[in-house]
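Colleague: Input sequences plus hints: build the corresponding full structure.
Now for the letters of each chain:
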Amino acid sequence: ENVSLIFEKSRKGKEGFKLSSLKVPEIEVSQTLGEDLLRDELDLPEVSEIDVVRHYTELSRMNFGVDNGFYPLGSCTMKYNPKINEEIAAMSGFTELHPYAPEELSQGTLEIMYDTQNLLAEITGMDYFTLQPAAGAHGELTGILIIKKYLENKGEKRTKIIVPDSAHGTNPASANQAGFDIVNVKSDSEGLIDIEALKTVVDEDVAALMLTNPNTLGLFEKNILEISKILHDKGALLYYDGANLNAVMGIARPGDMGFDVVHLNLHKTFSTPHGGGGPGSGAVGVKAFLRDFLPKPLAAKNDEMYFLDYDIPYSIGKIHGFYGNIGVVLKAYAYIRSLGAKGLKEASEIATLNANYLLKKIENMFDAPKDALCKHEFVVSCKNWKEKYGVRALDVAKRLLDYGFHPPTIYFPLIVDEALMIEPTETESKDTLDSFADALRKIYEEAKQTPDILKSAPHATPVRRVDEVKAAREMKLKYQG
Amino acid sequence: ENVSLIFEKSRKGKEGFKLSSLKVPEIEVSQTLGEDLLRDELDLPEVSEIDVVRHYTELSRMNFGVDNGFYPLGSCTMKYNPKINEEIAAMSGFTELHPYAPEELSQGTLEIMYDTQNLLAEITGMDYFTLQPAAGAHGELTGILIIKKYLENKGEKRTKIIVPDSAHGTNPASANQAGFDIVNVKSDSEGLIDIEALKTVVDEDVAALMLTNPNTLGLFEKNILEISKILHDKGALLYYDGANLNAVMGIARPGDMGFDVVHLNLHKTFSTPHGGGGPGSGAVGVKAFLRDFLPKPLAAKNDEMYFLDYDIPYSIGKIHGFYGNIGVVLKAYAYIRSLGAKGLKEASEIATLNANYLLKKIENMFDAPKDALCKHEFVVSCKNWKEKYGVRALDVAKRLLDYGFHPPTIYFPLIVDEALMIEPTETESKDTLDSFADALRKIYEEAKQTPDILKSAPHATPVRRVDEVKAAREMKLKYQG
Amino acid sequence: MRYIGHSPSQIDEMLETLGISSIESLFNDIPDNVKLNREMNLPRPLDEIELKRELLNISKKNKAADYVNFIGAGAYDHYVPAVVKALVSRSEFYTSYTPYQAERSQGTLAAIFEYQTMMARLTGMDVVNASIYDGASSLGEAILMACNIKKKNKVVFSGAIHPEYLTTAKTYGFGNGIDIASSVYTSSCETDWKQLEKLVDDNTAAIVISMPNFFGVVEDVKQVEKIAQAKDVMLIVSTNPITLGLLKPPSDYGADIVVGEGQPLGNSLNFGGPYLGFMGTRAKYMRRMPGRIVGETVDADGKRAFVLTLQAREQHIRREKATSNICSNQALNALAATIYLAYLGKNGFRDVAYHSHANTQYFINEAKKSDHIKIINPKVFNEVVVEVNDLDKKYQTAIEHKMLPGLKLNKFYPEQKNRLLIAFTEKRTKQEIQELLKVLGVS
Amino acid sequence: MRYIGHSPSQIDEMLETLGISSIESLFNDIPDNVKLNREMNLPRPLDEIELKRELLNISKKNKAADYVNFIGAGAYDHYVPAVVKALVSRSEFYTSYTPYQAERSQGTLAAIFEYQTMMARLTGMDVVNASIYDGASSLGEAILMACNIKKKNKVVFSGAIHPEYLTTAKTYGFGNGIDIASSVYTSSCETDWKQLEKLVDDNTAAIVISMPNFFGVVEDVKQVEKIAQAKDVMLIVSTNPITLGLLKPPSDYGADIVVGEGQPLGNSLNFGGPYLGFMGTRAKYMRRMPGRIVGETVDADGKRAFVLTLQAREQHIRREKATSNICSNQALNALAATIYLAYLGKNGFRDVAYHSHANTQYFINEAKKSDHIKIINPKVFNEVVVEVNDLDKKYQTAIEHKMLPGLKLNKFYPEQKNRLLIAFTEKRTKQEIQELLKVLGVS
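Chains as they are written, first to last, in my numbering: chain V, 1 to 481; chain X, 1 to 481; chain H, 1 to 443; chain G, 1 to 443.
Check each hint, because a few of them may be wrong.
Some residues of chain H that are not near chain G, with every Cβ distance over 10 Å (derived) [unchecked claim]:
| no. | residue |
| --- | --- |
| 1 | I49 |
| 2 | Y79 |
| 3 | S188 |
| 4 | L246 |
| 5 | I375 |
| 6 | L391 |
| 7 | H401 |
| 8 | M403 |
Listed below are the simulated SDA-like cross-link pairs for lysine to any residue, each with C-alpha atoms no more than 20 Å apart in a straight line [what the hints assert, rightly or not]:
| no. | chain 1 | residue 1 | chain 2 | residue 2 |
| --- | --- | --- | --- | --- |
| 9 | G | K222 | V | D36 |
| 10 | V | K345 | G | R350 |
| 11 | V | K345 | G | I20 |
| 12 | H | K170 | X | L105 |
| 13 | V | K160 | G | L46 |
| 14 | G | K151 | G | K321 |
| 15 | H | K150 | H | K284 |
| 16 | H | K60 | X | L151 |
| 17 | X | K345 | H | L46 |
| 18 | H | K63 | X | E304 |
| 19 | G | K379 | V | S30 |
| 20 | H | K430 | G | E13 |
| 21 | V | K12 | G | K321 |
| 22 | G | K393 | V | E103 |
Covered by chain X, according to a simulated footprint, are these stretches of chain G (three or more residues, beta-carbon under 8 Å) [claimed, not checked]:
| no. | region |
| --- | --- |
| 23 | 38-50 |
| 24 | 72-84 |
| 25 | 175-188 |
Bear in mind the hints are in silico, worked out from the structure with no lab data behind them. Ideal Cβ positions, reconstructed from N, Cα and C, are used throughout, including at glycine.
Modeller: In structure tokens, the structure reads:
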């Protein structure tokens, strides 16, 4: 059967939510608002409560979340989302608080914000944090605008941002959105930044280098101090994309590596749920010299009172309404308080152990550097599958769905052909990793013997392989019922 | 794949929930409790939090609830369970209250109990209600014990309870558990109690007649006043099994029909969820002359204070710890407050409309009285299916699962061969009833043309038809891992 | 139209299909003289906003819900993990019916099977049912079961059992004329074994004890094992499952039926319910046990599957010949208990028992340092009886400190003046216990 | 071992497989001089009981969460139905990632498709994206989009727009050197159309207005329609979606891009986030719109299916050439909005708008009877600016009555002394409004 839409269940006159009759006097809206401002019709569904509940329950069952199984989506850190954090975030003291409520009556959330800023600073080795950006890319934009404003304030007109060829697509996009030109720098044979290539592009026009460490291949940029020196020597800054922080908590801090600005993905490293695509939180940390450029306001503390500090002289302004995705921050805070220093370090250690173990279990099927040391994730290539069996990374991904697993990230990073980017995370057990490796091995055999099974996969999902081309061509972007 | 068990995920040393270290001094339990009282081993699973969450999430997905689709289970009133009632019942003011907390600090729940007692009394036309019984059968036992105690107090030794042949199995079982002998009385050709047969069995040894009205065939016992007179004239009482109250709220009240004792199934009529088999609530109402025999305590009110009244001179005692399934009562209370008098009556009206409509749509496939007037449910027989196509009610039920519906109750009442007992409830829409009728019609065609599809059904469920005989023979009642 | 599936025009279409003009006519078979010819007298309907506001306000009148709680006496303030609440809230679980259609109910069935397994392991019993109403009523069912098995009609109770369990058992016994005899308890709040032994006669089917007993005391169970054996009566043990994290299973001291209140396993206090009663027994009595039971089997493809079994004992088949009239279980509460046990696991569960016990011992050891408080019997698990002067005044002081300091025993035992039954769980902090000590006069 | 999947011995087995003796060796590639050679300085870990207690205590410091709330100004205290919360809490929804694997993500995809449809109908736009961060940032994105389309770099703002939206837009504009000009507002808190018109020059890409505006006033939108047409600039309208239950869609007065804060649609206040920004535009600008979009297609069997589409605009393909750097949406918040709109439906949604408006009008009509309070402009929807003497004192009185009487406008406009912006939703009762009137000096 087709995936149903709520519009198809609508019947004229059905009612779901209904208010009791008005207790204040009725009014004539044509008088209060004016006839010419009123709308003629309002075409929303008319369904009963049971219709709504069944419909969205059914839709939910067509989804796959971390609670439904292994989700080794590289670069996304799909770790387990603790239930207690959901319970906490649903406490009415947090959910019912208006952002413009008086500060003295909002001390709880202000305390959470203030503490989280400081906790993140300690975890990253930075000095100040803003919680305002709503997502990783939003954090990138914020961080780059901070750099821009800082340079402007110094009277410098630097126009370029350097981005490695292995970087997340958001890095160049964010830098571009901040008005910079993008300079790509390539990776060396090890998969790390090519230092010599870097040196050739760093000049007085460069505002910053954006870097993920460990990088998107799951490799630690071991020359990071040298890289830092190259940039700083030319007066450029170093920007840290925190998407991969889950590899190094308590082990190495971007602040100690020479980074000036970092963004974190609280929904990755700090285990707040991804929500089907959001909300996230892209907190941004800076070294002290950049504090005065952060967005307004910051949570601050004065004696025993927490308050919102708008005294940020060269602030870039605001990047989001109010103070950011505070409900998400709250879950990250709860997570940090649950794990403490030892627990966070252990999370990174086990995440790294899991990645190395899984790589070891599957490496002989792929083009992969043998006995490589990865961090929390790794990338293998299906190039040989494609060449030998005509099977692509996409087919492998779709077939994994039939085995009950969410596939890894595919075709990223761009520098690896037919890439599978696998991030197992620390919350997954050896048993799960083993069964995933077994499934991949079965699929490998299928690729050899019955490749069509892969090419026509998935077979066991609510819908079969979808036609993306048709979607892009026909552009049916809303229901025409 | 097999349905998995949590034991199979256990690995020595895995941890889920873990307490922080003890803050009070450690103790030596061999000293505080004595070595010989300590257990050697504790064989519970060792799993991580993500294991637990995934396992029970997966199990849940193998279930079918009202939120997943139509559930026309006769005699069970599987209506929609409002989400707001769940939210209310989860309020910490209700959930965190200890049953022995001081009454002056428990005024909220006492108020709910007191009000619910009175609301149910008004809805049924009875005088007093106890909320203590935890389920319908529990209510029956309570009600019959009240009658027994009342008779004993009057110095009468009546030994028999009359039960119609169409009655729920719990009626005779409960009467038996209260120490009575059971006298069956048959139904007449209309499906109602055979008045003449009744007269012949009512004598001075009869304590009570237990009756459901409308009865399990969905028919209103229109001679109820005469029945009442027959019983009362002989000094016997009339007991109302409230399983079918959903047909008559605001239309006719058991109290006005002459019933002396009633039990209600709050989880049926008042929409509290069935929970996979419980908890329910089997509140019992009585006429004033039986008040002093109710279980202790009742919620009562004195000026502006609510309290638990233990002053019930001839009380049968207690039938349940504390005061019953108060969390369930709370949801029923919320339901009644949401609907009010008009809404409850409308619920019964539409429940009855739905049953009659669905009967009309499907009657020509079955042995069913044509153009009969039913109440909230009806019974049809698959006798002709069996005779003509060798297909049984059980097969029809299993095949309905493949069409995404929960089957009706089957093989009940016992007086109908190959019975399908269908109760659509008021929360289901015409669209749902129509598609159910369509599915039955398709199955009817299948019965004619491809009966094996029915006999081997279900095909689209998490497991195929289960072997009940093997289960009863082998009696594997726990995991032997 | 609250919670009605149709639109008004669909109702009209349906009436048309039925060939009638009004819904009222569907009730024409009900004689006018039994019809209610007025509107029910109920409060006006509330919309969801009004309802939630009203109920939230009512909930706030339960001030005690917010207090630090040292009351136990059959219902315990253990922590209910978020995982348990989140999973029990899956609507596939809570909006489903009894799993009669096994093929689409494997979730509930497998979970009950796990429940039966874990509870059997905890209690040492061979077989455990899918849960029954609650602790008190499960004891009521147990005495009926024992009397049926033994074909006798007397049961002898320890005097140190929960007084409301005794009352409930008497109600259950009343139906079938079962004689309930109860021994006294000693000055140290233990069962008086000598008196109990004397009460056991030829007509006695079973002895009932509570372990730990109502006063928190860990009983000398060797005594009852000896008596039961000597007198050839069944032994019914009512127990708090949390204590089985450390204490040996009742099977070890001869229990034939083990019952108890499952609430401490992941179920909230809820002013007394819904809870779950558990019941287990020896293999030989399996067919005499009330309540539903899940068994393992296979499906048509030979795959493992679960199904309700031994239904021949039940009322929808046996009617008045059924083992019991019980035809439901507390499935959702049992599910919570199952998830709780799985989640805490071997170590976590033992820790909860241990922390509860250690908190109790800490209180006792501190209290012993003072003359203002008398510990009646220190050999307890998670509850203890204390005697203090001016209890009412101190109780009031505790209330003012937003603390429920325990259960005043004169509620059930007028002779136990100035005595408090105090319970400790893993939730109670050292600081809270210190405050309690202070309120009770120990500083 | 909090939230770690393995047992200790499994970790050992894994190390063995890897042929290493310790996890530390996996970090040998990290130079010592960038390693952190101490433990992070973080508070000790809390177990779940401690954590919940601590966070509950912290939450209670948010006293305002419990107060009767008349503050709006961009975030509104509308009722969030239980149905919305229950469904959004389905873990298949909230623990899933962006629906890149369409075959196993039809739930999220179909829901977003519904969202796009309903928001398109509400706003009158041809196409709506899957949501972006929030109201303020969606406006920021809108001005970038308009400047890109028009290849111009100036945007003219109404002076009666939310001041923090203006600040945010300026930040967005800063990156690309976009010039933001802002007109003043009139003494009756409306946009000064004359001044606005003057600010529009040849370099102007778009005009931005808010409808209703920040002061609650229903603007004379014919004016802006005229100006935009005459000057050939795009019209960006920021709106409160609740008001669209009664007000005509911005498409009717020429909007090219409609943005706004979706929070009022079934999302809690949460101290400002997570919310969702919505954005819709005309068909011709579709490919210039940032944010993800879901399209309808078919699967291999020809069955209807949904998938993320128009991805060629996005950064993982286009990198620096992408329409925007946005690569996520506020999916769960958009889901809440979708369920909210479906559940309220045509009549329920109109009712919420109507009740909010009627409550506002009731307040105004009552206030007009008094000399102690001045209504600045009564032509408002759900918010109104009032001026009262001694505002600070009255505000304090309100706080003492557990009421947040509104937003003091001097927070943003030092010149607006003694002025309060008061918002009304369907949740506010007649009695609460009467209490507010009393506190403000109307009795």
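Colleague: All hints are to be evaluated individually against the structure, with a verdict given for each.
Modeller: Structure-based check of each hint:
The beta carbon of H/I49 is not kept farther than 10 Å from every beta carbon of chain G, the shortest such distance being approximately 5 Å. Taking the minimum C-beta to C-beta distance to chain G, about 5 Å, the non-interface status of H/Y79 is violated against the 10 Å cut. No beta-carbon of chain G comes within 10 Å of the beta-carbon of H/S188; the shortest separation is about 33 Å. Listed as a non-interface residue, H/L246 keeps its Cβ farther than 10 Å from every Cβ of chain G; the least gap is roughly 19 Å.
Even its closest Cβ contact with chain G, about 27 Å, leaves H/I375 beyond 10 Å, as expected for a residue assigned away from the interface. Every Cβ of chain G is farther than 10 Å from the Cβ of H/L391; the closest lies at roughly 29 Å, confirming the non-interface assignment. Annotated as non-interface, H/H401 keeps its C-beta farther than 10 Å from every C-beta of chain G; the closest such distance is 16 Å. The claim that H/M403 is not at the interface with chain G holds, since no C-beta of that chain comes within 10 Å of its own (minimum 15 Å).
Annotation: proposed proximity of G/K222 to V/D36 holds, straight-line Cα distance about 10 Å (limit 20 Å). Pair hint V/K345 plus G/R350 does not hold up; C-alpha atoms about 52 Å apart against a cutoff of 20 Å. For the hint pairing V/K345 with G/I20, the CA-to-CA distance comes to about 19 Å; that is within 20 Å, so the pair holds. With a C-alpha separation of about 30 Å, the suggested pair H/K170 and X/L105 falls outside the 20 Å cut-off, and the hint is violated.
Pair hint V/K160 plus G/L46 does not hold up; C-alpha atoms about 45 Å apart against a cutoff of 20 Å. Between the alpha carbons of G/K151 and G/K321 the distance comes to roughly 15 Å, so the proposed pair stays at or under 20 Å and holds. A hinted pair counts as satisfied when its Cα atoms are at most 20 Å apart, and H/K150 with H/K284 qualifies at roughly 13 Å. Annotation: proposed proximity of H/K60 to X/L151 is violated, straight-line Cα distance about 43 Å (limit 20 Å).
Among the hinted pairs, X/K345 with H/L46 is consistent with the structure: their alpha-carbon atoms are about 16 Å apart, no more than 20 Å. Using a Cα cut-off of 20 Å, the hinted pair H/K63 and X/E304 holds, with the two alpha carbons roughly 16 Å apart. A hinted pair counts as satisfied when its Cα atoms are at most 20 Å apart, and G/K379 with V/S30 qualifies at roughly 12 Å. Of the supplied pair hints, the one linking H/K430 and G/E13 is violated, its CA atoms being roughly 40 Å apart against a limit of 20 Å.
About 46 Å separates the Cα atoms of V/K12 and G/K321, which puts this hinted pair outside 20 Å; it is violated. For the hint linking G/K393 to V/E103, the alpha-carbon distance of about 17 Å falls within 20 Å, and the restraint holds. Note: the region 38-50 of chain G has 6 residues with beta-carbon separation from chain X under 8 Å; the three-residue rule is met and the coverage holds. Evaluation of the coverage hint for the region 72-84 of chain G: fulfilled, as 3 residues show C-beta separations to chain X shorter than 8 Å, against a requirement of three.
Only when three residues or more bring their CB closer than 8 Å to a CB of chain X does the claim for the region 175-188 of chain G stand; here the count is 0, and the claim is violated.
In summary, the numbered hints that this structure violates are 1, 2, 10, 12, 13, 16, 20, 21, 25.
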